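Number of protein chains: 2
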Amino acid sequence: MTVIGLISPGQMGASLGAAASHSATRVIWAGDGRSKASHTRASDAGLENGGTIDRLVKDSDIILSVCPPHDAEDVAQQVQQRAFPGLFVDCNAIAPEKSRQIAERFGYQNFVDGGIVGGPAWKSESGTRLYLSGDRSKEIAALFDNSPLETTIIPGEIGAASAMKMVFAAYTKGTTALLAAILGVAEKEGVRNVLESQWGQTFTEQTYQRVVANSAKAWRFEGEMQEIAATFENAGLPGGFHTAAAAVFERLAQFKDEPAVDIVELLKALNQSRH
Amino acid sequence: MTVIGLISPGQMGASLGAAASHSATRVIWAGDGRSKASHTRASDAGLENGGTIDRLVKDSDIILSVCPPHDAEDVAQQVQQRAFPGLFVDCNAIAPEKSRQIAERFGYQNFVDGGIVGGPAWKSESGTRLYLSGDRSKEIAALFDNSPLETTIIPGEIGAASAMKMVFAAYTKGTTALLAAILGVAEKEGVRNVLESQWGQTFTEQTYQRVVANSAKAWRFEGEMQEIAATFENAGLPGGFHTAAAAVFERLAQFKDEPAVDIVELLKALNQSRH
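As you go down the protein sequences, you meet chains A and B in turn.
First residue of the first sequence? That's 21 in the numbering used here, and the numbers climb one at a time after it.
First residue of the second sequence? That's 21 in the numbering used here, and the numbers climb one at a time after it.
Only chain A is shown next, with the shape it has when bound in the complex:
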């Protein structure tokens, strides 16, 4: 029976762990010293507490790294320092160059590059997709057969799955940040009501809902925007769209535990926290 080590069971990670749990696999996580909320989420997802990180690295055949982008290198380092001999899969929203750097730690034959598009994969209707690149992608795709998580293997070198994640999120999250900034400028210049009229009710309401709904996730989007900016620069295109998006999300990071109640509160925070 294949043992999968999951680092770590956040909302997305827990859903991937659950999707990989079936008769032929056990999914474990390192629960020692973690919060009650994490334990509840992990056990609800059917994951086993494998104890410490030392133990998890020792017991796992495959390790899935699912974490905020700014933690991806640290997670890889922790696993590699413990001389993990298995297959390491980075599923995070990081630049393809960073994924290749991590691959070099483990050796390309012990690494698969992943990128997730969509929300947590609890149901097939979510349409969540894990892109994979690297020679051993098929082994990882097979873990999710008959699960709510769709997989697509991208032929070509390691980094392609991360590149795909970057270019996709570049639009969805990039435009969310852009719209927040536009509304901040409109508010400051006293023309937000005029812009609303020009946009029309439908677009205005959709925009307000989208910007407000994303406020609770802004704290982890900042790092993702920096990864996208690095991806653009490395491809010879301007990174400024997403360094600006990172700055916008940074100003909204205060909404991590308590999302903005409405657009007025959000714009107040955005316009007050000038650097």
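Certain hints may be false.
A pair holds if it fits inside one copy or across any two, identical chains being indistinguishable in the list.
SDA-like, lysine to any residue: derived pairs with alpha carbons at most 25 Å apart [said to hold, decoys possible]: (1) LYS237 / TYR191; (2) LYS158 / TRP219; (3) LYS276 / TRP239; (4) LYS143 / ASN69; (5) LYS208 / GLU117; (6) LYS158 / GLU145; (7) LYS288 / PRO175; (8) LYS78 / GLY66; (9) LYS78 / HIS42; (10) LYS158 / SER55; (11) LYS276 / THR224; (12) LYS208 / THR172; (13) LYS158 / ALA103; (14) LYS143 / TRP219; (15) LYS143 / SER217; (16) LYS56 / GLU225; (17) LYS78 / ASP91; (18) LYS158 / ARG120; (19) LYS158 / TYR128; (20) LYS158 / SER146; (21) LYS276 / ARG120; (22) LYS143 / GLN98; (23) LYS158 / ARG212.
Derived from the structure by calculation, the hints contain no laboratory data.
All values reported here derive from a predicted model rather than from experimental measurement.
Use these hints to put chain B onto chain A, whose structure you have.
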């Protein structure tokens, strides 16, 4: 009879001139030394050739400046240097601060700030709207009564109409540039076909059409993006979205006279001209 001087009758300017031509007004332009194409466009729009710029300034009660953003200050300077005593209207896509600087040249009581949303105003169905701000906005709005050009006066200080134009174009043109850059990165990283699948056929086709269709206008969008970046920075928000957009449009400026035939040609130009 009110005489309106128009600088200058490009596609947008000619349509504004035509919209302002009725029984109570004459619209003139400075045709001396201008190209045959300009003369044809102006006479098709029913504008009179008023001769030189000296003569135009002397004969006009009102001057409408409609030009690429990077020429706006130069046009204002040319008119002001000739001691124009009438009402100067800047209709261009410039930052509100720049509009206020131009207002100071003429005196706030001799200046109206304008901003145009939409394409050339030949028909009411185009939905083109001229936003106006400043104490004498009503005089300008009246010129376009019963014409295909809609007008909206924004109460408040001079600069509000320009601010409105900036925040509106920040999304429409900003996202066109962002999509071009995303496709450039996807092409470079070998995942454009994967991105197409994830986007779906409709969004992909709309995106390609939009990016290609805008290539012929890229040369003048660069300056507009710089104005938007300045507007954002002045409001205390990051200008990077639009300095990046300016860099993208700059790389596409070669398509001024001959638009890109398709997305492949456009991405080739975008990815080759690295700075």
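Structure-based check of each hint:
When the C-alpha separation of LYS237 and TYR191 is checked against a cutoff of 25 Å, the pair qualifies both within a copy, at 16 Å, and between copies, at 22 Å. Only between protomers do LYS158 and TRP219 lie at most 25 Å apart by alpha-carbon distance; the minimum there is 24 Å, versus 46 Å within a single protomer. For a Cα distance limit of 25 Å, the shortest separation of LYS276 from TRP239 inside one copy, 6 Å, qualifies, whereas the shortest one across copies, 42 Å, does not. For the homomeric pair LYS143 and ASN69, the shortest alpha-carbon distance inside one copy (24 Å) is at most 25 Å, but the shortest distance between copies (69 Å) is not.
Taking the closest pair of Cα atoms, LYS208 and GLU117 come within 25 Å of each other only across two copies (13 Å); inside a single copy the shortest separation is 39 Å, beyond that limit. Taking the shortest Cα distances, LYS158 and GLU145 sit within 25 Å of each other inside one copy (23 Å), while across copies they are farther apart (55 Å). For the identical chains of this complex, LYS288 and PRO175 are inter-copy neighbours only, at 22 Å across copies versus 46 Å inside a copy, given an alpha-carbon limit of 25 Å. For the identical chains of this complex, LYS78 and GLY66 are intra-copy neighbours only, at 21 Å inside a copy versus 83 Å across copies, given an alpha-carbon limit of 25 Å.
With identical chains, the CA atoms of LYS78 and HIS42 are at most 25 Å apart within one copy only, with a shortest distance of 21 Å there and 85 Å across copies. Taking identical chains as interchangeable, the C-alpha atoms of LYS158 and SER55 are never at most 25 Å apart, the minima being 34 Å within one chain and 64 Å between chains. For the homomeric pair LYS276 and THR224, the shortest alpha-carbon distance inside one copy (24 Å) is at most 25 Å, but the shortest distance between copies (33 Å) is not. In this homomeric assembly, LYS208 and THR172 come within 25 Å of each other (Cα to Cα) only across copies, at 20 Å, whereas the closest approach inside a single copy is 45 Å.
Taking the shortest Cα distances, LYS158 and ALA103 sit within 25 Å of each other inside one copy (24 Å), while across copies they are farther apart (76 Å). In this assembly of identical chains, LYS143 and TRP219 lie within 25 Å of each other by CA distance solely across copies; the values are 20 Å between and 34 Å within a copy. Taking the shortest Cα distances, LYS143 and SER217 sit within 25 Å of each other only across copies (21 Å), while inside one copy they are farther apart (38 Å). Proximity of LYS56 to GLU225 under the C-alpha cut-off of 25 Å is found in neither arrangement, the shortest distances being 37 Å within a copy and 48 Å between copies.
For the identical chains of this complex, LYS78 and ASP91 are intra-copy neighbours only, at 21 Å inside a copy versus 68 Å across copies, given an alpha-carbon limit of 25 Å. Taking identical chains as interchangeable, the C-alpha atoms of LYS158 and ARG120 lie at most 25 Å apart only when both belong to the same chain, with a minimum of 19 Å there against 62 Å between chains. Only within a single protomer do LYS158 and TYR128 lie at most 25 Å apart by alpha-carbon distance; the minimum there is 15 Å, versus 69 Å between protomers. In the homo-oligomer, the alpha carbons of LYS158 and SER146 lie at most 25 Å apart inside one protomer (22 Å), although the nearest pairing across protomers, at 53 Å, exceeds that limit.
Taking the shortest Cα distances, LYS276 and ARG120 never come within 25 Å of each other, neither inside one copy (30 Å) nor across copies (39 Å). In this assembly of identical chains, LYS143 and GLN98 lie within 25 Å of each other by CA distance neither inside one copy nor across copies; the values are 31 Å within and 65 Å between. Taking identical chains as interchangeable, the C-alpha atoms of LYS158 and ARG212 lie at most 25 Å apart only when they sit on different chains, with a minimum of 22 Å there against 51 Å within one chain.
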